[in-house]
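Student: Use the sequences and the hints to build the structure in full.
One line per chain: the protein sequences are G and W, in this order.
Once you know that position 14 of the first sequence is 14 in full-length UniProt numbering, the rest is easy, because the numbers rise by one and skip nothing.
Once you know that position 147 of the second sequence is 147 in full-length UniProt numbering, the rest is easy, because the numbers rise by one and skip nothing.
Hint data in this document are derived by calculation from the structure and do not stem from the laboratory.
One thing to keep in mind: the hints can contain errors.
[Unchecked claim] Residues from chain W that face chain G, not an exhaustive set, calculated with beta carbons under 8 Å:
{"id": "1", "residue": "Ala82"}
{"id": "2", "residue": "Gly105"}
{"id": "3", "residue": "Gly177"}
{"id": "4", "residue": "Thr226"}
{"id": "5", "residue": "Val228"}
Glycine is no exception: its CB is placed at the ideal position from the N, C-alpha and C atoms.
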Amino acid sequence: MSQSQLANAQVPARITLPVAAGQVGRLSQALMAMVLGVFVIGMVGFSHIDVVHNAAHDVRHSNAFPCH
Amino acid sequence: MSTFRAIVFASVISGFVVGLLVTVVQQFGTVPLILKAEVFEKAAGAHQHDAAAQPVAAGHDHAAHDHGDHDHGAGDHDHGGAWEPRDGFERNAYTAAANVLTAIGFALLLAGFFAVRSGATGTSVSWHEGLLWGLAGFAVFTLAPSLGLPPELPGVPSAPLLSRQIWWLAAVLATAGGLALIVFRRTVPAAISGVILLTLPHLIGAPDLANVETNVPSSLLHQFVTAVTVTSLVFWTLLGGLTSAVFARFDRGATL
Numbered sequence: 001m002s003q004s005q006l007a008n009a010q011v012p013a014r015i016t017l018p019v020a021a022g023q024v025g026r027l028s029q030a031l032m033a034m035v036l037g038v039f040v041i042g043m044v045g046f047s048h049i050d051v052v053h054n055a056a057h058d059v060r061h062s063n064a065f066p067c068h
Numbered sequence: 001m002s003t004f005r006a007i008v009f010a011s012v013i014s015g016f017v018v019g020l021l022v023t024v025v026q027q028f029g030t031v032p033l034i035l036k037a038e039v040f041e042k043a044a045g046a047h048q049h050d051a052a053a054q055p056v057a058a059g060h061d062h063a064a065h066d067h068g069d070h071d072h073g074a075g076d077h078d079h080g081g082a083w084e085p086r087d088g089f090e091r092n093a094y095t096a097a098a099n100v101l102t103a104i105g106f107a108l109l110l111a112g113f114f115a116v117r118s119g120a121t122g123t124s125v126s127w128h129e130g131l132l133w134g135l136a137g138f139a140v141f142t143l144a145p146s147l148g149l150p151p152e153l154p155g156v157p158s159a160p161l162l163s164r165q166i167w168w169l170a171a172v173l174a175t176a177g178g179l180a181l182i183v184f185r186r187t188v189p190a191a192i193s194g195v196i197l198l199t200l201p202h203l204i205g206a207p208d209l210a211n212v213e214t215n216v217p218s219s220l221l222h223q224f225v226t227a228v229t230v231t232s233l234v235f236w237t238l239l240g241g242l243t244s245a246v247f248a249r250f251d252r253g254a255t256l
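Tutor: What follows is the structure, encoded as structure tokens:
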């Protein structure tokens, strides 16, 4: 990954393939991180489990997440 | 450092900072109003559901907030028996932890976009551009959903939870899509469909109860809407600016 990013950072116009490959790797890693983020938000803000609801109660109200 | 790791590190650091700062802001803004509303909620609950409120009210103060007084049809609504943090330090500690986790979650989303964006443009996202992304997050996750579902105080009855969560998600997705169409596709048809997407969830309308009766004063409700919106604005601008700055640092470390 870091090698393809190296190519990406220096932007030699003739090397197009590593840049494109780096983009794909970057995109998939970004998507993975975003899925993780959605999971965390879903758990804290939207889980129907009582204990989770009660622990995060004030945060749900303060963020205007649907609560109760 | 891989892109994934740069995103996660940046998100954890800025989520931690912003989550703790917002916890402090909430202590002056939203939390006092929630506590005030719970007094009304408790009074209503004790009045109407004596038998149901008794066993839980004995142990914890917060336990009286057991939702027994507004179980509008949804059977999964009775939180009376479950564990709850004790009022005071314990409750605020859990609030702080949940704030930090929420901030990390949203930071992961933001930093994911920053990674894709900086990969496409070749330059890292500046703190200023990050702040603009934060404002977009404010519009997507706070402004749009709360037009249809205004921030709720405890003790105010509302439509079944799942239907509201589904509408909330639909409003978020439509608003994000609409804004993206307008910002990233600079054509007239895209702009028109963007605006249609922005208005669509509100044309459909959020789930609502036909008749809402509550003894929570409307002045309190209004204060709460303002407090939530302003707190959220602070949250999103801080998170956008900080996450982009920290992510740019880690990402530069990765590429150089």
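Student: Looking back at the numbered hints, which does the structure fail to meet, lowest number first?
Tutor: 3 and 4
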